[in-house]
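Undergrad: Each chain, letter by letter, is given below.
Number of protein chains: 2
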Amino acid sequence: MKLKIKKELLLDGLSKVSKAISTKNLVPVLAGIKFELEDKGLTLTASDNDITIQVFLEKNDDMVIESTGSIIIQGKYILDIVRKLPDEYINIEVVDELKIIIYTENSEFNLNGISKNEYPNINLEKSKNPILISSKVFASIINQTSFASSNDESRPILTGINFKIMGNLLECNSTDSYRLARKVIPLNDVVEENYNIVIPSKNLLEFIKIMDDSEENISLHVFSNKILIQYQNLLFQSRLISGTYPNTANLLPDEFLLSIKTRINDLYNVIDRASILTSDKEKNIVTFEIDGNKLFVKSSSAEIGRVEEKMFIEKNNEENLKISFVAKYMMDALKSFEDDEVEISFVGEIKPIILKSSKDEGLVQLVLPIRTY
Amino acid sequence: MKLKIKKELLLDGLSKVSKAISTKNLVPVLAGIKFELEDKGLTLTASDNDITIQVFLEKNDDMVIESTGSIIIQGKYILDIVRKLPDEYINIEVVDELKIIIYTENSEFNLNGISKNEYPNINLEKSKNPILISSKVFASIINQTSFASSNDESRPILTGINFKIMGNLLECNSTDSYRLARKVIPLNDVVEENYNIVIPSKNLLEFIKIMDDSEENISLHVFSNKILIQYQNLLFQSRLISGTYPNTANLLPDEFLLSIKTRINDLYNVIDRASILTSDKEKNIVTFEIDGNKLFVKSSSAEIGRVEEKMFIEKNNEENLKISFVAKYMMDALKSFEDDEVEISFVGEIKPIILKSSKDEGLVQLVLPIRTY
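So the protein lines, in turn, are chains A and B.
At position 36 of the first sequence (counting the first as 1) the number is 36 in the working numbering, and the numbers step up by one without a gap.
At position 235 of the second sequence (counting the first as 1) the number is 235 in the working numbering, and the numbers step up by one without a gap.
Isolated chain A, as found in the complex:
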């Protein structure tokens, strides 16, 4: 294998696949990046068994392929070397089968490689009927739902996002059993087969970090135990979480006692201030007291003190209400709307609180209240 390649091109590919390099040392070869150089271009692959990322750099003017071949190079070193070399072009050559030489005019690195035969055989096949979706819409879905997933590995199913695809509708649900984020979007095409899968939230967050700002289609290839996402010259494969996702269909009430409208940013800041007086953010409980056209936001801690914030709101009727909840959950839900204003609806003081925005009708956030007496 002998290659001369533009630094920026190689660095971009290495940066993307390096997200999948295993940091655990259980399988040493997975700390490496597989380089496969063929006449048509260079394929880079990294995997930690949970996710696999593959980038294909097609042969172009930024690449001189002198001889083809494959080798596995320690991921953290090759990324650092390429990042820190000041030269425009970098040469990579394999000699004596496993000796890698990376060189430019004034720099030469000799690394010990690993034979490509040691790399696990990872199947990155595509499905016949992939689902197409805009990259921006996909990133929105993940950002608007993933925060509501659980971090608690004792119920693995709740650490993922549930994707349900029926006809031309995609419905994503994410819940840690204290709150629920739901986003429904129409697809451009009707799918041939319905899907109901759970994808690990942290893997989806890794994937959207790789995406750039351009809007283009990505394609989702769903299998029984894995999903392959194709984006530009990149393949991203994640395992699915097995098990049955809780049925969230009946959680959203359809009749409400009272709805209020308010500016998202102002309400966020009010709750943020009301939750200052706590030593453990996660558990800080804040109370809404709706009285006429005023919303009082209150919180107190016996040792530290108490806080009361007041803001003016719009209401749809004359009902008043007092309800308590975890500040962080409400703030996370508020942040998920790409809008200035939110509508918050209440059924009663021990019933779910529902957040919606007129600009983004596919998104619903649910926060369960806390009984404080």
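Please note: incorrect hints may appear among the correct ones.
Simulated crosslink set (DMTMM-like; lysine to aspartate or glutamate; CA at most 20 Å straight-line) [as the list claims (entries may be wrong)]:
no.	chain 1	residue 1	chain 2	residue 2
1	B	K6	B	E93
2	A	K76	B	E303
3	A	K359	A	D266
4	A	K19	A	D80
5	B	K4	A	E308
6	B	K2	B	E38
7	B	K298	A	D80
8	A	K298	B	D80
9	B	K310	A	D80
10	A	K298	B	D87
11	A	K294	B	E105
12	A	K4	B	E308
13	B	K136	B	E361
14	A	K261	A	D360
15	A	K283	B	D80
16	A	K310	B	E108
17	B	K294	A	E108
18	B	K84	A	D266
19	A	K99	B	E308
20	B	K298	A	E108
21	B	K351	B	E289
22	A	K310	B	D87
23	A	K84	B	D266
24	B	K283	A	D80
Since the hints were derived computationally from the structure, they do not count as laboratory data.
Model the placement of chain B on the given structure of chain A, informed by the hints.
TA: Leaving out everything else, chain B in the frame of chain A:
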């Protein structure tokens, strides 16, 4: 105590003193900030017994003092509250002796205060003959020497910077016994008394973080067991480290085998790349091989591989040399010069390496070599 004060003014004062709030809960009152409101203005004090910071906000148009008084307020809450309140002015009132009310038009915080009588009595007296020094010069001294101090508390004396003041000269030394940073600057005035003290490096780093970009004089008030630094409306007091600082006077050689000149930035990057191939940065050993007008920078690790970098240098004679050292120490030393070029002088392969720059003659960096055979 009743006060109306401009948010920005109070926030600036609180941010500065909060650097001294104790994060250990050994003395609960030290987690607080002491507010002392007098007719002439507001004094804020925080201390963790190691450092004490006091800011005086003089009465001006941004402050309405309705009644004077003193109270101790939990530092982390008051800082967060003031930072997050959106209002231009903030009211602070103490009622029933220990109840603190912080309020604006729509927000009200009630906090439990602590009596000022519980606060330790901290003496912030000034000396009769303070030493004046430019704030920018002082910041440079700390930045150019502190990194060479030790973090190892088993030899406390080496965790500080040694300040020696004799006549009109200030000499600062910092060493962890593997390297030495020395900066000598002339003072504007001759001091009446000579000083030889050791100030904890981490405290000096805290102090220079508080300084803004303006150039003005700060005054150093030295006592037998503490130093008080006066800067603008702020007093910063630190304990001194007791004990005798090692004598560094004879460490700097005055005759050299060979000196080379090179661009700091280029050499820094070359050593940075040469030290990639290691799993433990602290211990990565790099070798200089000076051969003619070329400097080869080499490093190797049996498991990972080896690297060789080449750069062109200026020399003052025909001598060649091979010498090894810890990459990080050389990189720290190079970074300390506010110049483009550095002169590196060698006595022999097991003798100290000396770095100097023509632009900053008061600064000398010494790095001890490592014997590699």
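Undergrad: Evaluate each hint against the coordinates.
TA: The hints, checked one at a time:
Among the hinted pairs, K6 of chain B with E93 of chain B is consistent with the structure: their alpha-carbon atoms are about 14 Å apart, no more than 20 Å. With a C-alpha separation of about 14 Å, the suggested pairing of K76 of chain A with E303 of chain B holds against the 20 Å cut-off. Distance check on the hinted pair: K359 of chain A and D266 of chain A sit about 18 Å apart at the alpha-carbon level, within 20 Å; holds. Between the alpha carbons of K19 of chain A and D80 of chain A the distance comes to roughly 14 Å, so the proposed pair stays at or under 20 Å and holds.
A threshold of 20 Å between alpha carbons decides the hint, and for K4 of chain B with E308 of chain A the separation of about 19 Å falls inside it, so the pair holds. Between K2 of chain B and E38 of chain B the CA atoms are separated by roughly 10 Å; this keeps the pair inside 20 Å, and the hint holds. Simply put, K298 of chain B and D80 of chain A have alpha-carbon atoms about 17 Å apart, close enough for the 20 Å limit, and the pair holds. For the given pair, K298 of chain A sits about 17 Å from D80 of chain B by alpha-carbon distance, which is consistent with the 20 Å threshold.
Among the hinted pairs, K310 of chain B with D80 of chain A is consistent with the structure: their alpha-carbon atoms are about 18 Å apart, no more than 20 Å. As the CA atoms of K298 of chain A and D87 of chain B are separated by approximately 19 Å, the hinted pair is consistent with the 20 Å bound. In summary, the hint linking K294 of chain A to E105 of chain B is supported, as the alpha carbons are separated by about 14 Å, within the 20 Å threshold. Between K4 of chain A and E308 of chain B the alpha-carbon distance is near 19 Å, which keeps this suggested pair within the 20 Å criterion.
Under the criterion of a C-alpha separation no larger than 20 Å, the hint pairing K136 of chain B with E361 of chain B is consistent with the structure, at around 17 Å. Distance check on the hinted pair: K261 of chain A and D360 of chain A sit about 15 Å apart at the alpha-carbon level, within 20 Å; holds. For the hint pairing K283 of chain A with D80 of chain B, the CA-to-CA distance comes to about 18 Å; that is within 20 Å, so the pair holds. A C-alpha spacing of about 9 Å is found between K310 of chain A and E108 of chain B, which places the hinted pair at or below 20 Å, so the restraint holds.
As the CA atoms of K294 of chain B and E108 of chain A are separated by approximately 15 Å, the hinted pair is consistent with the 20 Å bound. About 12 Å separates the Cα atoms of K84 of chain B and D266 of chain A, which keeps this hinted pair within 20 Å; it holds. Straight-line distance between C-alpha atoms of K99 of chain A and E308 of chain B comes to about 15 Å, which keeps the hinted pair within the 20 Å bound. Proposed proximity of K298 of chain B and E108 of chain A is supported: the alpha carbons are some 10 Å apart, at most 20 Å.
About 15 Å separates the Cα atoms of K351 of chain B and E289 of chain B, which keeps this hinted pair within 20 Å; it holds. Among the hinted pairs, K310 of chain A with D87 of chain B is consistent with the structure: their alpha-carbon atoms are about 13 Å apart, no more than 20 Å. With a C-alpha separation of about 12 Å, the suggested pair K84 of chain A and D266 of chain B falls inside the 20 Å cut-off, and the hint holds. Taking the CA atoms of K283 of chain B and D80 of chain A, the gap is near 18 Å; set against the 20 Å cutoff, the hint holds.
Hint compliance for this structure: every hint is met.
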